[in-house]
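K.L.:
Going down the list, the protein sequences come from chains E and X.
In this note's numbering, each residue's number is its place in the first sequence (first place is 1) plus 1.
In this note's numbering, each residue's number is its place in the second sequence (first place is 1) plus 188.
Accuracy of the hints is not assured; some may be wrong.
[As the list claims (entries may be wrong)] Okay, the calculated bits of chain X under chain E, using three or more residues with CB under 8 Å as the criterion:
1. 301 to 314
2. 327 to 341
3. 347 to 358
[What the hints assert, rightly or not] Simulated crosslink set (DSS-like; lysine-lysine; CA at most 25 Å straight-line):
4. E:LYS64 - E:LYS50
5. E:LYS50 - E:LYS182
6. E:LYS64 - E:LYS39
7. E:LYS39 - X:LYS234
8. X:LYS299 - E:LYS64
9. E:LYS182 - E:LYS124
Since the hints were made in silico from the structure, they are not lab data.
C-beta atoms are modelled at their ideal positions from N, C-alpha and C, and glycine is treated no differently.
One letter stands for each residue in the lines below.
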Amino acid sequence: MNQIDRVLAALLWLLGVLAIAGITHIVAVFALPEIAAKDTYARISELAKPGQLTILPPPRPDKQVTPFADPAMVQSVCPFDLSQGGLRLHTDVEGGRLLTFSFRTSAGQGFYSMTDLAAQQGKIDVVVLTAAQLEVVEAEDDEDDPSQDLRLVAPEPRGFVIVSALAVYQSDRADAEERVKSVICAVEQVAQD
Amino acid sequence: MSLGTAIAMKRGYPAHATILVKFLSAGCIGVLLGLFVTLVVVERGKGFGAIAAGPWTGWPRNGTSDIDPYTRAILAYSGEISLSESEGMSFVAHGDSNGAEFDPACDYALKGEIPSARYWTLTLLSPAGAPITNTAGRPGFTSSEVLRASDGQFEITLSRHARPGNWLPIGDTSKFILVLRLYDNELGAPAAALDAASMPRLVKSRCE
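Using the sequences and the hints given, assemble the complete structure.
P.N.:
Right, here's the structure in full:
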């Protein structure tokens, strides 16, 4: 082996290292949300059961459910598992006070969101379904009396809904909690074929 | 077995071992390097699709399904649940309008326009996203709480020590960031057109 051979061999080795590093990096970036999804859903499932709305504790310096949470927001979470049926959300909206709904996959990625401004006649009625459940529900629709529900198809069977209300003053917190608690989040049975 | 083959076998064994060592070392070092780069990117990176307006940085697409794999990995790693599209948008500032990182020993003034939104909140957090304790028990301001002049203008003073007017205590910390959330705003896609003039300025005043 002369000098040039050695340099070429070293270069080839370096190229191999870089190629493997690149592949590892790409795989890790794509795998991370999948790994973290189980973690996020597991953390939320510890706090709340599917079809049950649970208020998250306010963020504290030593403990937060999620980082970067807004301390002025009262947040609650309602996990869903559509294999047990659809998820129904219902609330009556009081004028002018911020209430937000954010529909997430188990990884925490949003697939729909709305605020109280989207209410129809002071009410919000949302049903989260799988594509198959939507077909069943649509087949049962009464054409003369169309449903007022907003039907959402979730991209995956498991996920969660975050319902938040803003406490515009610190003293408003109890009131914001009441507004969140008044939201009904329940499993809705869908007839299976 | 001829003598020639025996010599070739004797030579071949260490040559194979060297190649195996080279392959294994390239594999191990490559995997470690790839993981290290990923860790640096998710800890330090901003992802694509970030928009900067003066000292503020926002991610208009974070809450939607239309995000790039890097941003998705960064969000998954931090565990942050960012605001969805209709909820609003959040902006983070790590330093003042001159580009200098926040120093808790200094006073800062937040003044100027805030883009129109139904409500906004301004929160002081640690760089990791945890609230910081302060004696006044005030984590931030909401658009309703802030005291305004008769023309609707306002100024928020960030300081360790009590200040008149809208005082946001910095608390006992070595580093902090500011998060401005615009709830139910009408930014959405036009957020990309935000510039420094449409966002509040952060001006450093005296330091201890």
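K.L.:
Give a verdict on every hint.
P.N.:
Comparing the hints with the structure gives:
1. 301 to 314: holds (count 6)
2. 327 to 341: holds (count 6)
3. 347 to 358: violated (count 0)
4. E:LYS64 - E:LYS50: Holds: E:LYS64 and E:LYS50 sit about 21 Å apart, inside 25 Å.
5. E:LYS50 - E:LYS182: Answer holds: E:LYS50 to E:LYS182 is near 15 Å, not above 25 Å.
6. E:LYS64 - E:LYS39: Distance ~20 Å between E:LYS64 and E:LYS39 Cα, so the pair holds.
7. E:LYS39 - X:LYS234: holds, 23 Å
8. X:LYS299 - E:LYS64: Violated, because 31 Å separates the two Cα atoms, which is more than 25 Å.
9. E:LYS182 - E:LYS124: Satisfied, since the Cα-Cα distance of roughly 15 Å is no more than 25 Å.
This entry does not satisfy hints 3 and 8, going by the numbered hints stated previously.
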